[in-house]
Structure formats: C-alpha cells, structure tokens
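Full structure from sequences and hints, please.
Order-wise, the sequence lines are chains P and R.
Using my numbering, the first residue of the first sequence is number 21, and each one after it goes up by one.
Using my numbering, the first residue of the second sequence is number 64, and each one after it goes up by one.
Listed below are the simulated DSSO-like cross-link pairs for lysine-lysine, each with C-alpha atoms no more than 30 Å apart in a straight line:
no.: 1; chain 1: R; residue 1: 133; chain 2: P; residue 2: 62
no.: 2; chain 1: P; residue 1: 62; chain 2: R; residue 2: 134
no.: 3; chain 1: R; residue 1: 133; chain 2: R; residue 2: 120
no.: 4; chain 1: P; residue 1: 62; chain 2: R; residue 2: 146
no.: 5; chain 1: R; residue 1: 120; chain 2: R; residue 2: 134
No wet-lab data here; the hints were simulated from the structure.
Computed from a predicted model, the values in this text were never measured in an experiment.
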Amino acid sequence: QKEVEQNSGPLSVPEGAIASLNCTYSDRGSQSFFWYRQYSGKSPELIMSIYSNGDKEDGRFTAQLNKASQYVSLLIRDSQPSDSATYLCAVNNDMRFGAGTRLTVKP
Amino acid sequence: DGGITQSPKYLFRKEGQNVTLSCEQNLNHDAMYWYRQDPGQGLRLIYYSQIVNDFQKGDIAEGYSVSREKKESFPLTVTSAQKNPTAFYLCASSMGGGGNQETQYFGPGTRLLVL
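As structure tokens, then:
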C-alpha cells in the first residue's frame, strides 16, 4: 500500500514566523510532488510542484525534496493570517494525498 | 473563462436512491478525476480517466460509477450500494502525460448529504 504521511497538526505559528510543513511517502519510485492549500469548505489550490532533489522557491514559499529520505517539505516565510488553511501533500501521477496539516497563523 | 465546474453545490440523497454529480471542464484536459473528502481527512481517489471512453478504479470505487463519453465531462453516480455517501466530492482535471502536466486543477466541489 503506497502511503503519504503528514502531521495532522494543528500547527500554530505567530504572524511573521516561518511555518514548516512535512510530508513523507512510501513509494520510492515517486517522481512528482505537489503542495495544495485548502481553505475550509473550499477546494484545493496548487501552491507548488517539485520534481528534482533540492529547493524550489516561489515568493514566500519554498518546497524541499529529498528523494533518498523520501521526504518533501513546504516552508512558508513571513507567515500571514491569510495562510491559515489545511496544506495537502500529493505524490506522483496517481495523485495520492496525505491527510493534510492544518496551519493557524496568529496575528 | 476556462475552468472546472461542478453541480450541484449541495445534493441530498434519500435512502436507496442513485444520484449523479456533474463535472465539466473546458481546459482541454485529457485526464479527469473524482475524489471524496471526509471531515478532517485528505482526499481519496474514487475513479479516474486518462482518455475518453476509458476509466480506472481508484482506492474506494465500490458503490460508485462513472462514464467518460466526452472529453469535457466526467459524471459520477453515487449508487444505493454506497452505504455512507455523506462527504465532499471533488472533481479535478489535468493535461495528462506525466511531469508538470500532472498538475491537477480542482472544481469547487459538491457536498452530498443523506436525508
């Protein structure tokens, strides 16, 4: 059974801090990794995709991938209250999702 | 205006009734997907289709059926065999073909409730 694991949280950080979200996966052959943000009652929206080992930055967001450790993370710098949402990790083209980590950014 | 639409936004099912959830996309995507999300949970794959007239079961296909007669449309039927259908149903599409074409774009979702 292929698995994608995330800490369910909730994760609470103060405004302006760095939020760190983690995801591990079991299928060593996985090639594509995605982070989605989901506000309560809404559908997921893509934040970042990453395919190669290392870091990928987009504005305040940085995705980090380590295929040897089967680990992908999302860092959110200068966290804002509007970042408060559930963050879903998804792996590979059968789009297996983790259960999500709920993030709260406190003003 | 390109995107994915789902209807209805809310759907009520009576005991023993089959109901159909609509999903339409005008993104010219080859692949379409149906997910179920229960409160506080992640997304679980019900069915997916990589091409017209072909579809595959996901992890939780029992009690559901789909069709893919047109590229733009991928309706999901929740049958009476699905004993616990109350959930948030999400449809998604992607270009297909692997790599960054696997990025999925989601519709607004349908919330199904049992009367």
